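Residue numbers (our numbering), protein chains in the order written: chain E, 30 to 301; chain P, 7 to 551.
Accuracy of the hints is not assured; some may be wrong.
Claimed, not checked - A few chain E residues facing chain P, derived, Cβ under 10 Å:
no., residue
1, A193
2, R195
3, W203
4, E208
5, L210
I should point out that these hints are in silico values taken from the structure, not numbers from a laboratory. Please read these numbers as outputs of a predicted model, since none were measured by experiment. Ideal placement from N, C-alpha and C gives every residue a C-beta, glycine not left out.
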Amino acid sequence: MKGIPFPALLGLIITVLYFAMAVFAPWIAPYGMSEIVGDVWEPASSDYLLGTDNLGRDLLTRMIYGGRNTIFVATMATALSFTLGAILGFTAAVYGGWIDQLMARLNDLVMSIPTLIFALVVLSVMPVTLPILILVMGLLDSTRVFRLSRAVAVDINVMDYVEAARLRGEGQRWVIFREILPNALSPLVAELGLRFIFAILFISTLSFLGLGIQPPSADWGGIVKENREGIVYGIPAALMPAVAIVTLSISVNLVADWALNRTTSLKGGRGA
Amino acid sequence: MPEPMLEIRNLRIEATVYAPGEKPFDAVIVDDVSLSLPKGKVMGLIGESGAGKSTIGLAALAYGRGGIRLTGGEIILNGREIRMADSATLRSLRGREVTYVAQSAAAAFNPAKRIMEQVIEATLHHGSLSQAAAEDRAVELFRTLSLPDPENFGKRYPHQVSGGQLQRAMTAMALCPQPDLVIFDEPTTALDVTTQIDVLAAIKTAIKNTGVAAMYITHDLAVVAQVSDEIMVLRGGQLVEHGSVHQIIEAPKEEYTRALISVRSIEHQEKQPTATPLMTVNNVSARYGKSGPNVLNDISVEVYPGQTLALVGESGSGKSTMARVITGLLPPREGSISFDGNPLPGALKDRSREELRELQMIYQMADVAMNPRQTVATIIGRPLEFYFGLRGRERDLRVQELLDAIELGEGFGDRYPAELSGGQKQRVCIARALAAKPKMIICDEVTSALDPLVADGILKLLLNLQQREGVAFLFITHDIATVRAIADSIAVMYQGSVQRYGTKTEVLTPPFDDYTDLLLSSVPEMELGWLERVLERRKMVGAGN
Numbered sequence: 030m031k032g033i034p035f036p037a038l039l040g041l042i043i044t045v046l047y048f049a050m051a052v053f054a055p056w057i058a059p060y061g062m063s064e065i066v067g068d069v070w071e072p073a074s075s076d077y078l079l080g081t082d083n084l085g086r087d088l089l090t091r092m093i094y095g096g097r098n099t100i101f102v103a104t105m106a107t108a109l110s111f112t113l114g115a116i117l118g119f120t121a122a123v124y125g126g127w128i129d130q131l132m133a134r135l136n137d138l139v140m141s142i143p144t145l146i147f148a149l150v151v152l153s154v155m156p157v158t159l160p161i162l163i164l165v166m167g168l169l170d171s172t173r174v175f176r177l178s179r180a181v182a183v184d185i186n187v188m189d190y191v192e193a194a195r196l197r198g199e200g201q202r203w204v205i206f207r208e209i210l211p212n213a214l215s216p217l218v219a220e221l222g223l224r225f226i227f228a229i230l231f232i233s234t235l236s237f238l239g240l241g242i243q244p245p246s247a248d249w250g251g252i253v254k255e256n257r258e259g260i261v262y263g264i265p266a267a268l269m270p271a272v273a274i275v276t277l278s279i280s281v282n283l284v285a286d287w288a289l290n291r292t293t294s295l296k297g298g299r300g301a
Numbered sequence: 007m008p009e010p011m012l013e014i015r016n017l018r019i020e021a022t023v024y025a026p027g028e029k030p031f032d033a034v035i036v037d038d039v040s041l042s043l044p045k046g047k048v049m050g051l052i053g054e055s056g057a058g059k060s061t062i063g064l065a066a067l068a069y070g071r072g073g074i075r076l077t078g079g080e081i082i083l084n085g086r087e088i089r090m091a092d093s094a095t096l097r098s099l100r101g102r103e104v105t106y107v108a109q110s111a112a113a114a115f116n117p118a119k120r121i122m123e124q125v126i127e128a129t130l131h132h133g134s135l136s137q138a139a140a141e142d143r144a145v146e147l148f149r150t151l152s153l154p155d156p157e158n159f160g161k162r163y164p165h166q167v168s169g170g171q172l173q174r175a176m177t178a179m180a181l182c183p184q185p186d187l188v189i190f191d192e193p194t195t196a197l198d199v200t201t202q203i204d205v206l207a208a209i210k211t212a213i214k215n216t217g218v219a220a221m222y223i224t225h226d227l228a229v230v231a232q233v234s235d236e237i238m239v240l241r242g243g244q245l246v247e248h249g250s251v252h253q254i255i256e257a258p259k260e261e262y263t264r265a266l267i268s269v270r271s272i273e274h275q276e277k278q279p280t281a282t283p284l285m286t287v288n289n290v291s292a293r294y295g296k297s298g299p300n301v302l303n304d305i306s307v308e309v310y311p312g313q314t315l316a317l318v319g320e321s322g323s324g325k326s327t328m329a330r331v332i333t334g335l336l337p338p339r340e341g342s343i344s345f346d347g348n349p350l351p352g353a354l355k356d357r358s359r360e361e362l363r364e365l366q367m368i369y370q371m372a373d374v375a376m377n378p379r380q381t382v383a384t385i386i387g388r389p390l391e392f393y394f395g396l397r398g399r400e401r402d403l404r405v406q407e408l409l410d411a412i413e414l415g416e417g418f419g420d421r422y423p424a425e426l427s428g429g430q431k432q433r434v435c436i437a438r439a440l441a442a443k444p445k446m447i448i449c450d451e452v453t454s455a456l457d458p459l460v461a462d463g464i465l466k467l468l469l470n471l472q473q474r475e476g477v478a479f480l481f482i483t484h485d486i487a488t489v490r491a492i493a494d495s496i497a498v499m500y501q502g503s504v505q506r507y508g509t510k511t512e513v514l515t516p517p518f519d520d521y522t523d524l525l526l527s528s529v530p531e532m533e534l535g536w537l538e539r540v541l542e543r544r545k546m547v548g549a550g551n
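Next up, chain E with everything else stripped away, as it sits in the complex (with noise of 0.2 Å):
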């Protein structure tokens, strides 16, 4: 750990905690998940430490289960969309020529749709389960990645490094993977910690319009939509999940800075 500015341990402590909470959250959780302990919008106590929700479950309780699987969700997407938009990316840049127009001008009308409605009317005639959330959310998203992964590549394709490979007879998958791909991760993790945060905010407002996680099931945004008549009348219930996003939205680009840092110093591959 030494080494480690602040702010980047800050973040990184602050995030393992929030993936802790989402993978041990059955063993972390006072209370069950949609058990109804006490009533309606009780204040925090000893017993519910923050309170009570709308229909009388411990709201801590709901935080941890709706941060499992807004977490999970928004990760899988993440990786889904990264993993996507890059090889594309990267494949239309180093193919060039119409491979790439074509790839580029599809990529282009997706795009031009935007995102939430595109989601809202996929997922108002398919069935609302996480693998198809999942699946919505890491396509919609990966038209981003395609963008930033295709423009950072066509720049390093012309690199002498790039002609040495090629002129040694590499194939296009040690031209993409071993030399675009290390010489693009710098861009890229930049852009993952915003993404992701991104994802977290999509999944959450998916789930406020009723069209995301569904009930019982806890999600970040579905407390929101939940508790939201409270704030009325002055019950705090519907900003912690707001509390939660920032805290986290925070604490991720805090390590994505770092870990930035780590990995644009092109003065030294190995990184300060």
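Assemble the complex: chain E is given as a structure, and chain P must be docked to it using the hints.
Frame of chain E, contents of chain P only:
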């Protein structure tokens, strides 16, 4: 002795270094350098990159580039101490008493403004001349610098004139405010030799006519010998030797100065062509895109096994395109190439792995020719894996052998390119090419980005390797000195055609064709008065016609 116009005493310059993985620390860039420059004299500053010559030049304007601090000593310009001067004082004297000519005029001009506007800008800013008077002066300077159509030259935009003309326009810009001192920072380094000689002559005339003092910074001793009265040799921010131009060139005292002068002293026994050439290029023409003019016109050359063919020419002559055609990156439009007795497919994708292996390439910029994320061992080891299927210990042994061959010791295998010096990088590129056991290596300007002494080492290494491995070189360069050092045969290229082709002796022995004559006579020689002699001779030839 007249009062010195510029006097620098015990100058010390420092900068903060942010090395990866270390705490920032202060490094001394220039240490205890003193000089004095009387009016009308030219001081040459010479040294390799990192010698601090540009930094000293800019210090005469009391300016430190990017975090550089002038921490000690005195800089006295016209009797005023300016190192500690406030910015208002500096503003009033920069561009009026002292001006600066940068290396790349193309990057220093604003492309959106006409040349005249930029040339007289400083003069108008300081209000020393009226608009009309300044324009008259600029036209006068254009004439002195022998720019074409001096009355209308200023109406053009920077992209409408050539690189050499732009460099002269920049000199006019520096001379326009009638400064007392002009700093020339490598003004001809980016130019072709045939252009360089014109710019040099123009600068020299202009200095003489206007009577300014000048500081001329360059790494090319032969150039500085033509324009300077005195020379300072610098190394690592310290003064090595200071003397009159005669003394430095004819009787250098220090070892380092002697090394600089005797550089390119490689003796190479020219080999005669053997019966069967390794590679034959037959009437090749090529162009970029589907239409567009031919970049190469009907080129025919041969490379013999274990010998070196040098392709010489200025920028735009098609040398590098030639390399692209031979490597298959740009299939020829007409003509054919045969290699080792067999026809070589025009396009890269049609070539077999064996054909690719036998033909390797070394690039000009070693920095970008190596993947910054791979270690030296990976870079050198990959061709071994790829062509010969070597793995594990076998591969490591061979990598070490290759590292030994390029005179790098143990421990280099774990380094990343960023952890190597310029010369070491180029050596690793050579090892990568050698790893494939090629029959021929294309060397594209491999030494032109390197300091003379380092370049010398690379050339010696290449010659040794040729002797040992019997590999042929196609050596692309614009530098005649390099050609003399290494070539067995030479092809002089001009605008996409071969002007002159033959063995080294044939090509370098008169009678010359016009272009070869121009090219050869433009190469600066380490000899006083060379510039005047060449110009005199050209004038006589011109008058005779």
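- Hint check: 10 Å Cβ-Cβ cutoff, W203 of chain E to chain P: Result: holds, 9 Å to nearest chain P Cβ.
- Grab the minimum C-beta distance from R195 of chain E to chain P and call the hint holds if it beats 10 Å, violated otherwise. holds, 7 Å
- Query: Does E208 of chain E meet its interface restraint, that is, does its C-beta lie within less than 10 Å of any C-beta in chain P?
  - Reply: At 6 Å from the nearest chain P Cβ, E208 of chain E passes the 10 Å test, so the hint holds.
- Item | Residue hint A193 of chain E, partner chain P, criterion CB-CB below 10 Å | OK, holds: A193 of chain E within 10 Å of chain P, min 6 Å.
- Query: Hint check: is the beta carbon of L210 of chain E less than 10 Å from a beta carbon of chain P?
  - Reply: It holds, given that the least Cβ distance between L210 of chain E and chain P is near 9 Å, below 10 Å.
Comparing the model with each numbered hint stated earlier shows that all of them hold.
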